[in-house]
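So the sequences go chain by chain: A and B.
Everything in the first sequence is counted per my numbering, starting at 3 for the first residue and increasing by one.
Everything in the second sequence is counted per my numbering, starting at 461 for the first residue and increasing by one.
Hints were generated in silico from the structure; no laboratory data involved.
Treat the hints with caution; some may be incorrect.
Here are some, though not all, of the chain B residues that point toward chain A, as calculated from beta-carbon distances under 8 Å [unchecked claim]:
| hint | residue |
| --- | --- |
| 1 | 495 |
| 2 | 646 |
| 3 | 654 |
| 4 | 656 |
| 5 | 660 |
| 6 | 664 |
| 7 | 668 |
| 8 | 670 |
| 9 | 672 |
| 10 | 674 |
| 11 | 675 |
| 12 | 682 |
| 13 | 754 |
Each residue gets a CB set at the ideal place from its N, CA and C atoms; glycine is no exception.
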Amino acid sequence: MSELLRLEKVTVRFGGLVAVSEVDFHVAEGELVGLIGPNGAGKTTLFNLVTGVYTPTTGRICFEGREVDGLNSSAITGMGVARTFQNIRLFNSLTVLDNVVAAFNLHLKSGFFGALWRGAAFRAEEAQIREEALSLLEIFGLREVAQTPCRSLPYGDQRRLEIVRALATRPKLLLLDEPAAGMNPTEKVELMRLIRFTQERFKLAVLLVEHDMKVVMGICERIAVLEYGRKIAEGTPSEIQKDKRVIAAYLGEEVADA
Amino acid sequence: MGPRFLLLISVAVMGLVSFLFTGHPELSWPLGQVDDYLLNILILAGINVILAVSLNIVNGHTGQFSLGHAGFMAVGAYGSATLTQINGKVFLADLSFLGNAAPTGLFVLSLLAGGVFAALAGLAVGLPSLRLKGDYLAIVTLGFGEIIRVMIQNTESLGGARGLAGIPPHTSLGWTWGISLLAIYCVGSLVNSTYGRGFLAVRDDEIAAEAMGVNTTRYKVTAFVVGAFFAGLAGALYAHFIGYITPEGFSFLKSVDVVVMVILGGMGSTAGVTVAAIGLTFLNEALREAEQYRMVAFALLLIILMITRPQGLLGGLGRWLPGKGGKP
Chain A
3 MSELLRLEKV
13 TVRFGGLVAV
23 SEVDFHVAEG
33 ELVGLIGPNG
43 AGKTTLFNLV
53 TGVYTPTTGR
63 ICFEGREVDG
73 LNSSAITGMG
83 VARTFQNIRL
93 FNSLTVLDNV
103 VAAFNLHLKS
113 GFFGALWRGA
123 AFRAEEAQIR
133 EEALSLLEIF
143 GLREVAQTPC
153 RSLPYGDQRR
163 LEIVRALATR
173 PKLLLLDEPA
183 AGMNPTEKVE
193 LMRLIRFTQE
203 RFKLAVLLVE
213 HDMKVVMGIC
223 ERIAVLEYGR
233 KIAEGTPSEI
243 QKDKRVIAAY
253 LGEEVADA
Chain B
461 MGPRFLLLIS
471 VAVMGLVSFL
481 FTGHPELSWP
491 LGQVDDYLLN
501 ILILAGINVI
511 LAVSLNIVNG
521 HTGQFSLGHA
531 GFMAVGAYGS
541 ATLTQINGKV
551 FLADLSFLGN
561 AAPTGLFVLS
571 LLAGGVFAAL
581 AGLAVGLPSL
591 RLKGDYLAIV
601 TLGFGEIIRV
611 MIQNTESLGG
621 ARGLAGIPPH
631 TSLGWTWGIS
641 LLAIYCVGSL
651 VNSTYGRGFL
661 AVRDDEIAAE
671 AMGVNTTRYK
681 VTAFVVGAFF
691 AGLAGALYAH
701 FIGYITPEGF
711 SFLKSVDVVV
721 MVILGGMGST
731 AGVTVAAIGL
741 TFLNEALREA
751 EQYRMVAFAL
761 LLIILMITRP
771 QGLLGGLGRW
781 LPGKGGKP
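Chain A extracted, bound-state conformation (with noise of 0.2 Å):
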C-alpha cells in the first residue's frame, strides 16, 4: 500500500488561537482511517486545511507526493481528494441528479463552447455523464428520488447524496465529516455498511471524523485522536480504546486522592 496522504508538522493559527498544532499524519490507498477528539480539537480544521479551505500556517501537506498547501480547493479535488460537509451542503435548488451531474464538472471535456455549440461530441458526453449519475444513484438507492429537488429528501438521504456526489469527483480519497450526525441506531448501521461498501467498490482511501464510537471503532482500520490541535495517540481501535491518554482527554484523569 502507497502513502496517498501525509501531513508534515502541519499548523494553523487563527490570531492567537492555535487550532492545528504540529500535527504528523498519512493515510495510505485503500486505508479506512477514523479521526476523534472532543469537541473543538480541531478536526474539521483539519479536514480544510487538507482539502484548501485553509492554508496551514506552517508545515506540508502533500497528497501523492505533490505538496498541495496553497491550492484552491476545486484544484486539490482535481487530483482526487473530496469531502462531505458537517452540516450537509448539497446544491439547494437543483434536483438530486442535478447535484450529481454538478460534480461531474471536473472532468468536463466539452466546455464553455460546447455548451453553446451542442454538437454531436457535447451531446453524447451529457448523456454518458447523465447515465453514469444515475447509476451511481441507483448504487446508493437515490435513483428513484432522482428528479425531485433535493432539499425535500430526508436528512438520511441528503447525507447519502452528499456521498454520491462526492464520488462523482472521482476520488482517491474521501473525507467524511461526521457523517452518522443526527442519525438513529438503525441508520448508523445502515451508514457504516454503506462506507465499507464504498470503500471496496470504489477503491477509496477513507479518512472518517466521527463522534459515535461505535460507528469508528466498527469500521476503521487505523485511528487518530485529536486534542486541543495535538494528535495525542494513534492506533488500530483496540489500542486507542486501552490508551490512558485518550481515555483522560474524553473523560478526564484519574485524580490521585479524591
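Here the structure of chain A is known, so what remains is to put chain B in place on it, guided by the hints.
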C-alpha cells in the same frame, strides 16, 4: 424542438431582414409597414430583453449581485459608435468592396466591436472584484458603472456631456429580436449543460462548489464576461436605434431598471425575465401619460410581487431550454 433550432431561427431572422431591407430601416418589419410608434416600442423591448437575459446569467444563475449593467451597455454603445459615427467615413471606404451592403457590414462589425469592448471591460472589472460577495460586489459594480459614465462625460472625442449625435439608424426589428433570440439561446444553452450546472452550483453554495471541483472564480468571471458581452451588444443596438447617446442615458438608474426586470421575472428564469422585460417596456409606455407617477407604479408592482411571489413571475417554474430534466 431542439435548442439549436432557436439559434437557427435567430440567425435566419437577422439575415433575412437585414438582406431584404438594407438601407430601409423604416421597412424593418417583415410584414411591411408597421405603425412607427409600435415599432419603436418593440425594438426597445427587444433591447431590454437582451439586457435582462444577460444580467440574469450574473444575478440569477450565478447569484452575483451586479449593479453595473448600464456601464457595460455604455461601453458597447460608444464602442460601436466610434466605428460607425466618429470614424464612419474611413471604415466605409475600407468596406467599399461590399458595394451597397457596406453600411450594413460596418454596422455588423460595430455591433461585434461593442460586444467585445464590453466583454473586455467585464473581464477587467470581474477579475479583481469577483472576490467580493453580496453587497460589496454590488457597490463595486455600481462604482464601475459610474466611473465609465464619468469617463465618457469627460472625453471630448466621445462628445463629452453633450453626447454623440448622428449615429446612423441601422437598428431594425430584425436585428434587435435576432440578437435577443441569440442571447436567450446562449444563456439557455450555457446553463442547461453539465458545464452550466457550475453556475448554479456557485449560486447555491460556493464552498461546496469548490469542494466538488468547480472553479468558482472562473465561473463567476465567465458569467460576468458573457453578461457584459450581451450588454455591449444591447448598447450598440440602442445607439444605432436612438441615433443620439449621452452619458446620462447610461446612469445608475438604467442598471436598476434592468435589475428590476430580472427580479420581477424571476432570478434564473430566462422565460420569466424575457416576459418581464417586454412587459415593463410596454408598461413604461402605457404610463407615459402619468409622468413621474410611473415610478410609483413600478415600485408598487415590485412590492406586490415580493409579497405574493418572492421568487418572481416565473421563477421556480423550471427552466426554458431545453425542457428535459430542467424541472426544479
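Evaluated hints:
| no. | hint | in the structure |
| --- | --- | --- |
| 1 | 495 | violated (36 Å) |
| 2 | 646 | holds (6 Å) |
| 3 | 654 | holds (5 Å) |
| 4 | 656 | holds (6 Å) |
| 5 | 660 | holds (6 Å) |
| 6 | 664 | holds (4 Å) |
| 7 | 668 | holds (4 Å) |
| 8 | 670 | holds (4 Å) |
| 9 | 672 | holds (4 Å) |
| 10 | 674 | holds (5 Å) |
| 11 | 675 | holds (5 Å) |
| 12 | 682 | holds (7 Å) |
| 13 | 754 | violated (33 Å) |
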